[in-house]
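> If you want the building blocks of each chain, they are given just below.
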Amino acid sequence: MMIRQFVIVILTALLALPASATRGRAVSPVIGDSLSIVFVDGTAADGAFIAAGGDAWLDMKGVSHNASGREHGTHVQRRFGVRVVRTSGAASGTGTVTITARVESSDGRTSMRLDGKPLSEVPTIVEAHAAIGAVGFHILEIEISDAVAPGPIAAAVSWEINAQ
Amino acid sequence: MRKVFAVCFTVALFAFASTASAANSSGTLTVTGTVESSITLTVESAGGTTSGTGTAAASSDLGNISKFGSAPTGFTLARGASNWTLSSTVGVQVVKANLTSTDYTLTAQLGSAPASGIAWKLNGSTLSDSAPTTLTSTGTYASTGSYSWDIVVADSAAAAAIDNTINFTAASN
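Here the protein sequences come in this chain order: A and B. Heads up, the first sequence is in our numbering, so the first residue is 1 and it goes up one at a time. Heads up, the second sequence is in our numbering, so the first residue is 1001 and it goes up one at a time.
Errors might be hidden in some of the hints.
Calculated Cβ distances over 10 angstroms to all of chain B for the following chain A residues [stated by the list, open to error]:
no.: 1; residue: Gly116
no.: 2; residue: Glu121
no.: 3; residue: Ala155
To be clear about the criterion: a stretch of chain B counts as covered by chain A if any three or more of its residues have a C-beta under 8 angstroms from a C-beta of chain A, and this derived list gives those stretches [unchecked claim]:
no.: 4; stretch: 1036-1045
no.: 5; stretch: 1110-1118
Below, simulated SDA-like cross-link-like pairs (lysine to any residue); rule was C-alpha separation at most 25 angstroms, straight line [unchecked claim]:
no.: 6; chain 1: A; residue 1: Lys61; chain 2: B; residue 2: Thr1100
no.: 7; chain 1: A; residue 1: Lys117; chain 2: A; residue 2: Ala147
no.: 8; chain 1: B; residue 1: Lys1067; chain 2: B; residue 2: Ala1057
no.: 9; chain 1: A; residue 1: Lys117; chain 2: A; residue 2: Ile153
no.: 10; chain 1: A; residue 1: Lys61; chain 2: B; residue 2: Leu1041
no.: 11; chain 1: A; residue 1: Lys61; chain 2: B; residue 2: Ser1038
no.: 12; chain 1: A; residue 1: Lys117; chain 2: B; residue 2: Ser1025
no.: 13; chain 1: A; residue 1: Lys117; chain 2: B; residue 2: Leu1041
no.: 14; chain 1: A; residue 1: Lys117; chain 2: B; residue 2: Thr1034
no.: 15; chain 1: A; residue 1: Lys61; chain 2: B; residue 2: Thr1032
no.: 16; chain 1: A; residue 1: Lys117; chain 2: B; residue 2: Thr1032
Derived from the structure by calculation, the hints contain no laboratory data. Backbone N, C-alpha and C define an ideal beta-carbon position, used for all residues, glycine too.
With the rest of the complex left out, here is chain B (with noise of 0.2 angstroms):
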């Protein structure tokens, strides 16, 4: 009699498990793409009373300069016989993605013609609105390159806004 209770709990058991198992169903998504390769460059830091620094838009503001007044934040301040300077620094920095490329070209432009009489400079050479000037041939990806800035002005220039802006163009090699 215990054998037969034992059979009919077995064949109850696997009727059960029989009966409860659920419906189910499936379907797929299926994901593609192309992955391309990229740069990406910042303006990290640079003299004057900045905004937009860590984005590729940033602008600095130096204020009323002046040869004989204070140098404007971030900047010093020298004189010459016929001339001043302000001198600071701009950080960049260019990050790659999804690229092969070991390093950078970065130039920099100015956006319009300097005032008469004013010279922009980034690492010692002179900007102009013409052509690009080359910073640096062997940028590192990932690390802010700081590049000296120096704006010139000559005594003999009229007393009015020196604004221009400088952009930066890197390109992987």
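Bound-form chain A, shown alone (with noise of 0.2 angstroms):
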């Protein structure tokens, strides 16, 4: 009798869950759904911006200390634009998505910060509910110390969308 009640209740478990999992997607349609990020370059500034895809490369050439500013370190600002896409081909402008963003690797020489918010390797919400299909645009500021030794500098910012 009893293991006849538990297959019961499992089966009808089992059949319940796929049910309301679809629910589920009908309520939130990001969920199950394919997304990527896509990057746009935002206005003419220091430094070329190349976006392809998912991965966006910005290079500031030669950098070097402000000859009329009075400031401490080098400081190079560019504007771009986030936008989440279905990659299905799906139309956008449904649901919403939490966009973070983390310092993947950096040669030490340089410290960022992400729309005025210091940028670690620990992920900092940047978009708490970034519109699918809508662009974002941030500011992404780079400083370099006066005491920074002259050369290459590198560094790569990891995003991340995660579907609410």
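Given two chains presented individually in distinct reference frames, assemble the corresponding complex, making use of the accompanying hints.
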């Protein structure tokens, strides 16, 4: 009797689960859909910005301390956009996602701020409710200490989207 | 029966956890560049009614000057037998960034030939418009160097404007 009850309950639960998951998707279309990040160049500023799908490359080229500036360190900032799209090609405009960013790698010669917030290896929320399909613009500030020796610099910022 | 519900609950929890896990994706923004060495020079102070101090292009207005008149703001006036001298100082600061150099050489040169009977001196050396004059070859970065500034006017000089420009140049050693 107990075994029979057990089997019935388990089967009922298993049968019911896909249905509840389907309902969940219907309410929040993001879940289960395939999303990706697309970088969009902002305004003309320092350096070249090359976007290739979910990856982008900001080459600041040669940077030196602003001759007329009295502040310490060299500051470079770049405005660019981030858009979350459905890779399935489905119509955008439904659902929101959370976008986070973190320092993926750094040679330690720069410090970076995104929209005024310091970036570190711990993910920072860039947009808590980014609408899918919409472009959100952000400003990345790169600071180089006066004490840093001349030469190349390299860093990478990892961006992640999490469907809500 | 209690065990049955416990098992079911556990199964359901796993199932919901799996269902509710959010879709996610990622992208990478790579930042590259090349840091270049640089130095910057600013005029921090000067006699006269100054403007633009703290920048690389300062101006100093001495107004009307004469041997038997008052000294301009920030200057002293010394009268000699056949000339008179206005004396003050000029403060120049050189700051470095991303540079291993420990000191710098500072030179000065007039922007145009001085009027007849007028001599411009910095640190006791007479400036010309044809060649730079070295003020220091061991300048300390981020420290304002003060250089004596004299304008010697001969009694024979014509009454006219003495306008000129002193061009400072700093070079890292």
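> Hint by hint, say whether it matches the structure.
Here is what the structure says about each hint:
1. Gly116: Nearest chain B Cβ is 17 angstroms from Gly116 (chain A), so the label holds.
2. Glu121: Check passes; 14 angstroms lies beyond 10 angstroms.
3. Ala155: 5 angstroms, violated
4. 1036-1045: holds (count 5)
5. 1110-1118: violated (count 0)
6. A:Lys61 with B:Thr1100: This hinted pair holds, its Cα atoms lying about 21 angstroms apart.
7. A:Lys117 with A:Ala147: Cα-Cα ~23 angstroms, so holds.
8. B:Lys1067 with B:Ala1057: 29 angstroms, violated
9. A:Lys117 with A:Ile153: Satisfied, since the Cα-Cα distance of roughly 21 angstroms is no more than 25 angstroms.
10. A:Lys61 with B:Leu1041: With a Cα-Cα distance of about 24 angstroms, the restraint between Lys61 (chain A) and Leu1041 (chain B) holds, given a limit of 25 angstroms.
11. A:Lys61 with B:Ser1038: Holds, at about 15 angstroms.
12. A:Lys117 with B:Ser1025: With Cα atoms ~22 angstroms apart, Lys117 (chain A) and Ser1025 (chain B) stay inside 25 angstroms; holds.
13. A:Lys117 with B:Leu1041: Answer violated: Lys117 (chain A) to Leu1041 (chain B) is near 32 angstroms, above 25 angstroms.
14. A:Lys117 with B:Thr1034: 24 angstroms, holds
15. A:Lys61 with B:Thr1032: 7 angstroms, holds
16. A:Lys117 with B:Thr1032: With Cα atoms ~20 angstroms apart, Lys117 (chain A) and Thr1032 (chain B) stay inside 25 angstroms; holds.
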